[in-house]
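Student: In case you want the letters, here they are:
4 protein chains.
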Amino acid sequence: MAQKTAPDSTRRSERSRRAIYDAALALVGEVGYGKMTIEAIAARAGVGKQTIYRWWPSKSAVLLDAFLDLSEQASAELSAKAGLDEVATAIPDTGDLETDLKYVLRATVDEMINPKFDAPARALAAEGVVNEQLGREFLEKLLEPQLQLYVDRLRSAQERGQVAAHIDPRVALELWTGPLAQRWLQRVGPLTHEYADTLVEYALYGIAPR
Amino acid sequence: MAQKTAPDSTRRSERSRRAIYDAALALVGEVGYGKMTIEAIAARAGVGKQTIYRWWPSKSAVLLDAFLDLSEQASAELSAKAGLDEVATAIPDTGDLETDLKYVLRATVDEMINPKFDAPARALAAEGVVNEQLGREFLEKLLEPQLQLYVDRLRSAQERGQVAAHIDPRVALELWTGPLAQRWLQRVGPLTHEYADTLVEYALYGIAPR
Amino acid sequence: MAQKTAPDSTRRSERSRRAIYDAALALVGEVGYGKMTIEAIAARAGVGKQTIYRWWPSKSAVLLDAFLDLSEQASAELSAKAGLDEVATAIPDTGDLETDLKYVLRATVDEMINPKFDAPARALAAEGVVNEQLGREFLEKLLEPQLQLYVDRLRSAQERGQVAAHIDPRVALELWTGPLAQRWLQRVGPLTHEYADTLVEYALYGIAPR
Amino acid sequence: MAQKTAPDSTRRSERSRRAIYDAALALVGEVGYGKMTIEAIAARAGVGKQTIYRWWPSKSAVLLDAFLDLSEQASAELSAKAGLDEVATAIPDTGDLETDLKYVLRATVDEMINPKFDAPARALAAEGVVNEQLGREFLEKLLEPQLQLYVDRLRSAQERGQVAAHIDPRVALELWTGPLAQRWLQRVGPLTHEYADTLVEYALYGIAPR
DNA sequence: GGATAACCGAGACGGTACGTCAAGTCTTACG
DNA sequence: CGTAAGACTTGACGTACCGTCTCGGTTATCC
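Residue numbers (the working numbering), protein chains in the order written: chain S, 1 to 210; chain F, 1001 to 1210; chain C, 2001 to 2210; chain L, 3001 to 3210.
Careful, some of the hints might be misleading.
Label-pair ranges, simulated between beta-carbon atoms [said to hold, decoys possible]:
| id | chain 1 | residue 1 | chain 2 | residue 2 | range |
| --- | --- | --- | --- | --- | --- |
| 1 | F | Lys1081 | S | Ala6 | 51 to 59 Å |
| 2 | S | Ala43 | C | Ala2040 | 26 to 34 Å |
| 3 | C | Glu2144 | L | Gly3032 | 19 to 27 Å |
| 4 | L | Arg3054 | F | Lys1081 | 48 to 56 Å |
Rather than coming from a laboratory, the hints here were simulated on the basis of the structure. All C-beta atoms in this analysis are idealised placements derived from N, C-alpha and C, irrespective of residue type, glycine included.
The whole structure should be built from the sequences, with the hints applied where relevant.
Tutor: See the structure below:
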């Protein structure tokens, strides 16, 4: 375990961490990931470069943490606004799978379009494509939990006979997450609520005549 | 006109271009896109840096051209091996859509797994996520032609009543290209022939009980 | 009174001070003055950085004190070994100036050659050349007392008629301290006992034919 | 010969070199050697840092070259002013050693007092004390040639019987260069023309009664 | 004998400069 | 004129220390 004597996190400056997150998110939006530099983050955050290097191994790691923090805050806010005590952690289950999926997918589209999320998420996704280590972290911490919600919802639908018994939920969910991701990241087509609806219908009933 | 007196492409050195392509593809495989530098390409190709800057605006542009060149060569070779006079430009049409799609998707999986293609394609895809200009070019020159083949094949199937009339082929094809791309780029799950087959089945017949 | 509430020296840790001296002297010998850092001294001495900054204003001040301490110890030791109660504070006065000077200069050469003294003394001398404040302190605390001994001895010789009456002792002594210092610091030539002897002879009798 | 493929000096930018010399000399005077940084030299010279690192291994090496250049210019100017075709390369030889030495030593004192020379020369001397490699270069390129002039002049005097035959000129000259250097570098006393004269007299005729 | 103020070790912090790398531009000499 | 070579300015990299600033934890008097 030849670690470089890891820093003592109890003495960490909370104010610096917040400032770094804010600076990173602001910069990735303003100049893009490629031109975002650690020096610029440090300068904008009013922080020494070393303070960044002490706690993160790379630019992408900073941005990942900043984005995770942003996501947490955002979902906490959302839940608070909805008057809930706890953070919402599931896809709605009205009993009607099609309706529920369309609802969630429309929300997903909205998020993908929101520049506040788009810029950092896109940057992280891109970096993850090429940097396996980051990709796995991105997957594990952000994507996987979301995907699991679909798995749960699909199982519930299966129990009610709304999804065929032989279907593997883990594969099925990719019928809509895959296309959405592709339109988002590769700009293969416009990202609209209508598209989301169509996707749900095609996925549920197939494209072959019934 | 403030154009920088564009270079005269008739006097361009073919040998240099080839060497640059080879160097770029080799380097992206060896050190990855992020650590691939123009200087290294020039050095490895035995070429002056200016020769690269004269003909391409950026690292990603070089790699895109190199990869396009590689793709052309590869498909030419493939066609030649198959004893054909021309390059294959269509998805097989045996009359059975399911079989044909499975065939093509398995081939796609094989390509995605082949490191010779994976490294540069992945790098370009990643860069395209974040660099809109490059992304559009990547889409237009590489993805779109492939997608169009699916559109054609789906229309043919529609005519034969194997795909419901109300289905939009342009959206339908994303039911499999999307998930495949997601597994490839985001490592959401393993990329296998079985997965490709399952995808085709789900897409064709839906996940709801028939 | 904008004094920073000077620290209370009665509560000062003797053990820390000693450890700092030892560390400073060891380091200047091992890595040289330029590469000796306050952090390294603190680490090697097992001391917090603040403990150094509390008591000294700069790296050179630490080293100066460390060296003064070393000198005191050394001359105390020397005197003890000679069975004296007090520290020797004068140049021997056998009545023969030439002999006495040669004796002292040979001892000086020996000290200049001893690496234990050479490393820190050289570092301090160098720093003093460029840092007037330190230079003056070095001069006042180390050089001047030594030089005064020569003045005293020369006056004694003058009284006995061994040195011409019109000679200014304060200048005369530089006839040998100057050359010795130059050979030591600027490596203008080898530092040997023979050289010391020659110097004394030339200084006493001049270089013109008598 | 594991050199890092030394740069091609024929393509070197003369303008950059000059600007670097000027900047280094100006800075050493303004902020002192310790606070003079390579970055500041580069900035002041309007030059990239790499251009400095390409041609010199260290701050001291830059300053040494700058000072050598300054010295050359200065002595060329001096000779030109005196209406000479060539650079003066000897100590005057009027036949009277005492006069000639006093003349030269007074000029030396003037130079040591001139801040334009003092700042860089002092810095180099200090660095040379602690950095043997630089010290040797300083000695070889600057000091030694000066000292050799004294050797020549002394030999001439010896032939004429003005210096005793048994005297070693190489040692004798240190009787005045040593003290001068010590007063200059260690501030052991004031540097004046009178001091220079006294030194010559003591050195020539000794301090013992004749 | 318990409070309390200082020093102490440790080390995080905002900074500056380091020496290196590569970007993109410019100049030189060759074919 | 395109080219190989490579010096140039610029700017970011990741590291090392600077000197300042908490943070607990010992001492070490002083009530």
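Student: Indicate, hint by hint, whether the structure satisfies it.
Tutor: Here's how the hints hold up against the structure:
1. Distance hint check for Lys1081/F and Ala6/S: the Cβ-Cβ separation is about 55 Å, which falls inside the suggested range of 51 to 59 Å.
2. Between Ala43/S and Ala2040/C the beta carbons are some 29 Å apart, a value that agrees with the proposed interval 26 to 34 Å.
3. Range check, Glu2144/C to Gly3032/L: about 24 Å between beta-carbon atoms, so the 19 to 27 Å window is met.
4. A beta carbon spacing of about 52 Å between Arg3054/L and Lys1081/F agrees with the range 48 to 56 Å that was offered as a hint.
Consistency note: the structure conflicts with none of the earlier hints.
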